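So the protein lines, in turn, are chains A and B.
Sequential numbering from 1 applies to the first sequence in the working numbering.
Sequential numbering from 1 applies to the second sequence in the working numbering.
Hints were generated in silico from the structure; no laboratory data involved.
All figures in this text were calculated on a predicted structure; none of them were measured in a lab.
Warning: the hint list may mix true and false statements.
Covered stretches of chain B, as calculated for chain A (at least 3 residues, CB under 8 Å) [as the list claims (entries may be wrong)]:
#, segment
1, 184 to 193
2, 500 to 513
3, 524 to 538
Among chain A residues calculated to face chain B with C-beta under 10 Å, some are [what the hints assert, rightly or not]:
#, residue
4, Ile55
5, Pro105
6, Gly106
C-beta atoms are modelled at their ideal positions from N, C-alpha and C, and glycine is treated no differently.
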Amino acid sequence: MSELLVLADIAGKRCAFRASDVGSIIEAGVIAPVPRAPKHVVGITALRSQAMTVIDCRVAIAEDPSAHPCDNHLAVVEVEGHSYALQVDKIDDIATAHSEPAPVPGGAGEHWNRVCQAMAETDRGPVLLIDVAQVVAGAEEKPAKVA
Amino acid sequence: MDDLLADFIEETREMLEAIGSEIVAWEANPADRARLDAIFRFVHTVKGNCGFFDFPRLEKLSHAAEDALADVRTGRRQADSRLVTAVLAIIDRISDMITAIEAGRELAEGGDDALINALDAGAETAPMVGQEPVTAQSADATNSGATVPSAAPRSIRLPVELLDRVMSGVSDMVLARNDLAHRLQEAGNQPTVDGPFERLSGILTDVRDAITRMRMQRIETLYTAIPRLVRDLAADLGKQVMVDLEGGEVELDREMIEMMRDPLTHIIRNAIDHGIEPPAERLKAGKREIGMLSIAARQAGNKISIVISDDGRGLDEERIAAKAISTNTITEAQRAKMSHEDILDLIFAAGFSTAEEVSSVSGRGVGMDVVRDNLEKVGGEIQVSSRPGEGTLFYLQIPLTLSIIAGLTLKSGGQRFVVPQSYVEEIVRLRRDNCDIEDMGDTSLVTFREERVRMISLADVLGVKAEVPREKANLLMLRLATGDLFALAVDQVQSSSDIVVKPLPPAIMASGIYCGTTLLDDGQPILLLDVPNIAQENGLMSETRARSAQVPNESELQVERAADRAMLFSKLDGHKRLVRLELVKRIETISASAIDRSGRECRAVVDGEILPVIGIDESASLDTSVRLLRLTDGSSEVLHAVGSVEDAVDLADTLVPVDESDPLIESVTLIEGESIAMIDSHKLFAVHGAVPRQAASKTCRLPDSDWAKSILGPLVEAAGYAPAFDADADIVITLDASEAPSTGKPVIALRSAPDDQVEAGQRNSSIYRYDRERLISALRDASKGEAA
Chain A
1 MSELLVLADI AGKRCAFRAS DVGSIIEAGV IAPVPRAPKH VVGITALRSQ AMTVIDCRVA
61 IAEDPSAHPC DNHLAVVEVE GHSYALQVDK IDDIATAHSE PAPVPGGAGE HWNRVCQAMA
121 ETDRGPVLLI DVAQVVAGAE EKPAKVA
Chain B
1 MDDLLADFIE ETREMLEAIG SEIVAWEANP ADRARLDAIF RFVHTVKGNC GFFDFPRLEK
61 LSHAAEDALA DVRTGRRQAD SRLVTAVLAI IDRISDMITA IEAGRELAEG GDDALINALD
121 AGAETAPMVG QEPVTAQSAD ATNSGATVPS AAPRSIRLPV ELLDRVMSGV SDMVLARNDL
181 AHRLQEAGNQ PTVDGPFERL SGILTDVRDA ITRMRMQRIE TLYTAIPRLV RDLAADLGKQ
241 VMVDLEGGEV ELDREMIEMM RDPLTHIIRN AIDHGIEPPA ERLKAGKREI GMLSIAARQA
301 GNKISIVISD DGRGLDEERI AAKAISTNTI TEAQRAKMSH EDILDLIFAA GFSTAEEVSS
361 VSGRGVGMDV VRDNLEKVGG EIQVSSRPGE GTLFYLQIPL TLSIIAGLTL KSGGQRFVVP
421 QSYVEEIVRL RRDNCDIEDM GDTSLVTFRE ERVRMISLAD VLGVKAEVPR EKANLLMLRL
481 ATGDLFALAV DQVQSSSDIV VKPLPPAIMA SGIYCGTTLL DDGQPILLLD VPNIAQENGL
541 MSETRARSAQ VPNESELQVE RAADRAMLFS KLDGHKRLVR LELVKRIETI SASAIDRSGR
601 ECRAVVDGEI LPVIGIDESA SLDTSVRLLR LTDGSSEVLH AVGSVEDAVD LADTLVPVDE
661 SDPLIESVTL IEGESIAMID SHKLFAVHGA VPRQAASKTC RLPDSDWAKS ILGPLVEAAG
721 YAPAFDADAD IVITLDASEA PSTGKPVIAL RSAPDDQVEA GQRNSSIYRY DRERLISALR
781 DASKGEAA
């Protein structure tokens, strides 16, 4: 198994996106807030004249974003035809998965379980594999949590 | 009508092609239900269309085939090879007739009845023998018909997805261009880049226009058939119906237009058949004997709203409920608990149709459930509201997946938003326009045109803090498709521009405040407000109920009020004038440079149309932008330059005719103690009115040289001509030509030598090529000659 992964820290935890999910990594520009949108929606921004929605992964996993500074890099993903830019603590490196994705022994915790199905081994140690569709949809399932 | 006919022929041809293989398959296996359905649909559609175009022979044939196939579908009859042959013969005949219609000749009489008889289930025995040759003969005719070269296709068909892709690519290009423009501006002046960029930009604008037009059609195309439909139906049913169509200029995706055709027709039929009462009954009920059917379309963000209302007897709640109970849609107990609206909603239930019989107009069992299904399939909605004795109103909403709309940028709570211009009735500045806000409990009301209108603050809707105190806010008076008016208070109103609406992800859509996003020229994303939804969430939409109650009186009211209202404005020289309100199409603001003052009459190009401008004295100096009243009598238009637009006023006092030195003055009246002159509408259009002409609608042939292309071309274009280099043009310009070409068209001869280097005779017969004044006036005179 040699799937490429984009390593990222989310709320201080070592995580990874599948490289095939990530279209590009961009530098955050001006983000226009969206009043009354779910909390994990930071706002909308434009990349090369394409509007995209900025999602704060930390909020989507019900973690406190203020506790973790953010390095201004966004991972661009596409879910159901819409472009999203995912905000994380920092985007780190590219690594190759050494193992097939395997369930986290004992689960990753209530909120984490929703967004990551599995973990994988890399040169940099084990990482949580993030399901971007779940992150993007995150708050929709639990509107009460984020409202 | 010719267009419609061409469409019909093309459509039928296409269907014929498409079912060609179905026919073969059906012949192989007459029991194949799917093939049968396809062929049934074909003859059914042909029948429907023929009725509209008055092709009795075609209609008779298709009707007969439809009947026979309907029998097979319902199992009353078995499909055997004889029936298949008979149906095929009819389809072949239809194909021949279509070819004949297209060629503009009549297909030889006779033979139709034999074909129809061949369908007859009882015709199995003796007559069959006699029929055989006819069928064979008609098959021969088809074969020979097929060898007749059909006219070359004038159009090609493309899959809509391809157009979608091109369209979305072009939209992205526009956004990328805007972004690039912004960056170039930041980088400062770079002549080597700016020139090509300008050119690219211009080309892109043209391409975008063309692509947009490719997919968009004015809803007028849908409207054109309605008056006739209404007339025919009304005549058939012995009723009098007047139809009022509004918003024909709203543009709608081609596919959506097609999708809307059937539901609209269906609703109109129902309205005339069941809604509007016979004249005698109407008079008895105290209504005008002519029923009103009004259809209004409006573009709103990425949705089109269509409101269809009649002033008939309304939906019968009891009858609907009884019918629903009898069809087991609801139970008696449920009925007792249902509200008026819920019961009306039952007309959309599956299988619900109050039409007792199947007639040739109403078709075979298409009910409102199909209408709703079809609308919902494309993401649309339909609602109904009705008051007994007062009328029924259908409110349709259909989405536009991708569109370019005019938007108004505004600011609230430090952030910019955009609203579709189509909603904006007027912008009121509270601190200037002396509008008062009254607080009734938690509800705020403003007085607008002597009407109390509810006001909400955009900042409150968004849950942000307004930066401008409420007394100083700007109000957008927004008119919904339902007719409801409300005021939206915003901090600042910025500019209006064309925006490309892009969809938003579900998470943001769910907030119910936004319906799309777009990028502004500076590359910043901005959200498009979902006005109807905001209105609904805040209880500002009357759910169409209030309006339906007004429906019966509205038409009369409008007539009465419009006749005695006028627009009060100041001319550029400060004199106040009145003009009848119904003449005012809208208020335009254009840059002064768009006004051509060089001729005897001023002209301006507005939205690509050349219109005459009055109200500008030769000596008057103009600001950079000029406000103009766009006046229309229905066909001709004229622009009147104004210093400021004061207000719409009631003409309460008598109009005193005067004999002024100004020929355009009709009379004088008192408005708030001041005597103000009223513009003579008749004379205005008699003297100045002109049917709007597409700018660059005429072509002008230029000499084939680089000078002509790069230097003369733009000038000619600015004068309203499209430069052309081929022989077929409305005006011909020659350069240093020894003799004029004999095209019969006006010729303007140019020469390279300046005036002081040529003889007097030549000076008059030709124009020095840099004598701009003379060239422009020559072009103008030529265009007048053309028009005359």
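Checklist entry - Holds or violated: is the Cβ of Gly106/A closer than 10 Å to a Cβ in chain B? => result Gly106/A check fails; min Cβ-Cβ to chain B is 31 Å, beyond 10 Å.
Checklist entry - Would the stated hint for Ile55/A survive a check requiring a Cβ distance to chain B of less than 10 Å? => result Since the shortest Cβ distance to chain B is 8 Å, the answer is holds.
Checklist entry - Are 3 or more residues of the segment 524 to 538 of chain B near chain A, judged by a Cβ distance of less than 8 Å? => result holds (count 4)
Next on the checklist: Three residues or more, CB to CB closer than 8 Å: is that satisfied between the segment 184 to 193 of chain B and chain A?
Outcome noted: violated (count 0)
Item to check | Within 8 Å of chain A's CB atoms, at least three CB atoms from the segment 500 to 513 of chain B: coverage verdict | outcome: The restraint on the segment 500 to 513 of chain B holds, since 10 of its residues have a Cβ under 8 Å from chain A and three suffice.
Next on the checklist: Quick check on the hint: Pro105/A CB to chain B CB, less than 10 Å?
Outcome noted: Status violated, d = 32 Å.
Comparing the model with each numbered hint stated earlier shows that hints 1, 5 and 6 do not hold.
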